[in-house]
Amino acid sequence: MSSDGFFKRAVIIGAVGWMTVFAFVPNILVFLASFGTTSTENFIEPAATLRNYARLMDRTHLDILLGSLRLSGLVTAICLLTAYPFASILARARKPVRNILLLLVVIPFWTNSLVRTYAMTAMLNSSGIVNNVLMSLGLIDAPLAMMYTPGAVVLGLTYTLLPFMILPLYAALERLDRRYLEAARDLGASPWRAFWRVVVPLTMPGIVSGCMLVFLPAIGMFYVSDVLGGAKAMLLGNFIRDQFLTTRDWPLGAAASVTLTALMGLMLLLYWKSAARLGREAS
Amino acid sequence: MNDTATQQSQAPVVRLRNVSKVYDGQHALRDVSLDVQRGEFLTILGPSGCGKTTILRLVAGFENATSGSIAIDGRDVTGLPPERRNVNTVFQSYALFPHMNVFDNVAFGLRMKRRPADEIAREVGETLRLVQLEGFEGRMVGKLSGGQQQRVAIARAIINRPLVLLLDEPLSALDYRLRKQMQLDLKHLQRKLGITFVLVTHDQEEAFSMSDRVIVMNNGVIEQVGTPVSVYEEPCNLYVARFVGEINVIDAEVVEPGDGRARVRAGGLDVFMRTGHAFKAGEKAHLLLRPEDLRVETLKDLAEDPELEDSFARGRSIVGAVEETIYKGATYDVVVRLDAGGAVTATEFFNEDDETVYFRAGDRVAVSWVEGWEVVLPYEQ
Chain A
778 MSSDGFFKRA VIIGAVGWMT VFAFVPNILV FLASFGTTST ENFIEPAATL
828 RNYARLMDRT HLDILLGSLR LSGLVTAICL LTAYPFASIL ARARKPVRNI
878 LLLLVVIPFW TNSLVRTYAM TAMLNSSGIV NNVLMSLGLI DAPLAMMYTP
928 GAVVLGLTYT LLPFMILPLY AALERLDRRY LEAARDLGAS PWRAFWRVVV
978 PLTMPGIVSG CMLVFLPAIG MFYVSDVLGG AKAMLLGNFI RDQFLTTRDW
1028 PLGAAASVTL TALMGLMLLL YWKSAARLGR EAS
Chain B
439 MNDTATQQSQ APVVRLRNVS KVYDGQHALR DVSLDVQRGE FLTILGPSGC
489 GKTTILRLVA GFENATSGSI AIDGRDVTGL PPERRNVNTV FQSYALFPHM
539 NVFDNVAFGL RMKRRPADEI AREVGETLRL VQLEGFEGRM VGKLSGGQQQ
589 RVAIARAIIN RPLVLLLDEP LSALDYRLRK QMQLDLKHLQ RKLGITFVLV
639 THDQEEAFSM SDRVIVMNNG VIEQVGTPVS VYEEPCNLYV ARFVGEINVI
689 DAEVVEPGDG RARVRAGGLD VFMRTGHAFK AGEKAHLLLR PEDLRVETLK
739 DLAEDPELED SFARGRSIVG AVEETIYKGA TYDVVVRLDA GGAVTATEFF
789 NEDDETVYFR AGDRVAVSWV EGWEVVLPYE Q
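Quick mapping for you: the protein sequence lines, in order, are chains A and B. Following this note's numbering, the numbering of the first sequence begins with 778 at its first residue and continues without gaps. Following this note's numbering, the numbering of the second sequence begins with 439 at its first residue and continues without gaps.
These are computed hints drawn from the structure, not numbers from a lab. Since the model is a prediction, treat every value here as computed from it, not as a measurement. Wrong hints could be hidden among the right ones.
Unchecked claim - The following residues of chain A were derived to be distant from chain B, with all beta-carbon distances above 10 Å:
{"hint": "1", "residue": "THR814"}
{"hint": "2", "residue": "PRO940"}
{"hint": "3", "residue": "ALA1053"}
Claimed, not checked - Per label pair, the in silico range of CB-to-CB distance:
{"hint": "4", "chain 1": "A", "residue 1": "TRP973", "chain 2": "B", "residue 2": "SER610", "range": "30 to 40 Å"}
{"hint": "5", "chain 1": "B", "residue 1": "GLY576", "chain 2": "A", "residue 2": "ALA1039", "range": "34 to 44 Å"}
{"hint": "6", "chain 1": "A", "residue 1": "TRP973", "chain 2": "B", "residue 2": "ARG567", "range": "22 to 32 Å"}
{"hint": "7", "chain 1": "A", "residue 1": "ASP954", "chain 2": "B", "residue 2": "TYR770", "range": "37 to 47 Å"}
{"hint": "8", "chain 1": "B", "residue 1": "ARG549", "chain 2": "A", "residue 2": "LEU851", "range": "27 to 37 Å"}
What the hints assert, rightly or not - Covered stretches of chain B (in silico footprint by chain A; criterion: 3 or more residues with CB under 8 Å from a CB of chain A, positions within the stretch not fixed):
{"hint": "9", "region": "513-521"}
{"hint": "10", "region": "546-556"}
Glycine included, C-beta positions come from ideal geometry on N, C-alpha and C.
Based on the sequences and whatever the hints tell you, model everything.
This is the structure:
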């Protein structure tokens, strides 16, 4: 066997082994735990019950799930509406300007997002920068209570996840041939109608991937909700974390975790289906 | 019919007056004036970067002229966006909407005009029949061949009944055979519809076979405007002469200027030649001869056959030696090195009666042409 072949094999075995030990096995354990029960001696007693999933369907848990989806949906919508114009400008900017703007998008990745989330408290708390500026301008008399509100969580998630919306949109808009737009205008479409009839459909793959990249992480980013939202469990991620670390109801946490994974899998499946259909139509 | 209506129908459908376009300090167009007549098939011919596509983009409204004015149907269109101009474009690579099928592509223009659905369906059907694409309504455009995409692009434009159809090198992506067919189809379509066509191409054969008038452009200026025949046979300068086909250029000198003709010395000859240019005595000039206008005979044949000699030249032949012959299929080229200096290429047809008539390198030959088929131009550096 050549050394090249050995190297290839080693890399593949290494990667597969790593994924098996640290991703596949833990997920299987969580999956099995979701059918288990708990006792005073052990966090997990092996069993084969659907009770944990049934408990997830009760009123309070369902509210957390729906609230979390609503919050993530809102964050996704805000990201899409702000990122689309920005990505359009980015795609059309001259090369030097474009590089600077892209750098600005990427710079936040250089700092840990937990640190950046804490940094936001410095902006938002009652003696924070925003309140100080507004008060010194005389726009408000007393500090606004911005911390520990759903609004702060939405702001934090939007801030953290916006680049994940901008980059796929930029890629799609940059690839978009300007002549399609010219053809639409030539055939009598106003800029607005050309946008809806031609630009939006042709950048749909970018829109969908951007939304997936924002929506799915937003459901699970419990630390943003912890730091900016206070003790209330606003996201499904917080709920799962609480079951494992606070309430010590591992089977319920595992069931919620499996549900979240299934939900993400379902959405990815829908995305692939629609991407495949769009791809078939486009090619 | 009243006077204004007559006047309007005779007025040029597109009029450019002193139009210039500057990109990044570079002139793409320099002071171009041009009238497009109603119902004509006009071709703008020139090499890439000569500004021909810029003219189309200015008329379509994708760009604004740096200076000068453009009028469509007698109305100044400065600042008017593309969607409000009654012209349509067939793009070079078609720019068909990849997310729509053939029907939706062709229907796009009428939908933008908010026509009723049944009317749109009828018109799309009729237009697709016109371009021989019936039954393709539901196909995605990406699944079509190049020729079919081309026809969808044409259908998508003509369904709007534009005053002028602008075609930007529409055939350049097609293979040779299909291109020939589409040239004919386009010409027939234009006659049938009576729409004014303005086509841009770098292919002189394409320009000549389709157009009523040809505009030859170079470096952002118009070099010559005329019918294909006049541009080919009466090129106004060396650039046009060379661009619209093969041509031999021989150094010449005007001995005696005259009206419509001049005594010219070239290649050892000293005879009267036809010319439209005014020369001074002793002025340097170019004698231009198309290869297919030239006849070549060996001096030996001419000496042996008085009848041939008599029908051949009547004193206006240039003598030289064959350098090489190049087989071209239906014809062959003979390159003749002239005794007086320089070389000319003559395109000869094979003589079916005589298999042996073929020139060998070194053969002493005389080259001649029909009187009046020569072009004499002022000397250019």
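Now the hints, each set against the structure:
1. THR814: THR814/A is indeed farther than 10 Å from all Cβ atoms of chain B, at 52 Å.
2. PRO940: 27 Å, holds
3. ALA1053: Holds, since 14 Å exceeds 10 Å.
4. TRP973/A to SER610/B: 30 to 40 Å: 32 Å, holds
5. GLY576/B to ALA1039/A: 34 to 44 Å: 37 Å Cβ-Cβ, so the 34 to 44 Å window holds.
6. TRP973/A to ARG567/B: 22 to 32 Å: Since the Cβ atoms of TRP973/A and ARG567/B sit about 30 Å apart, the hinted range of 22 to 32 Å holds.
7. ASP954/A to TYR770/B: 37 to 47 Å: Holds, at about 46 Å.
8. ARG549/B to LEU851/A: 27 to 37 Å: Once the Cβ atoms are compared, 34 Å apart, the range 27 to 37 Å for LEU851/A and ARG549/B holds.
9. 513-521: Holds: 3 residues of the region 513-521 of chain B have a Cβ under 8 Å from chain A.
10. 546-556: This one holds; 4 residues, not fewer than the three required, reach chain A with a Cβ under 8 Å.
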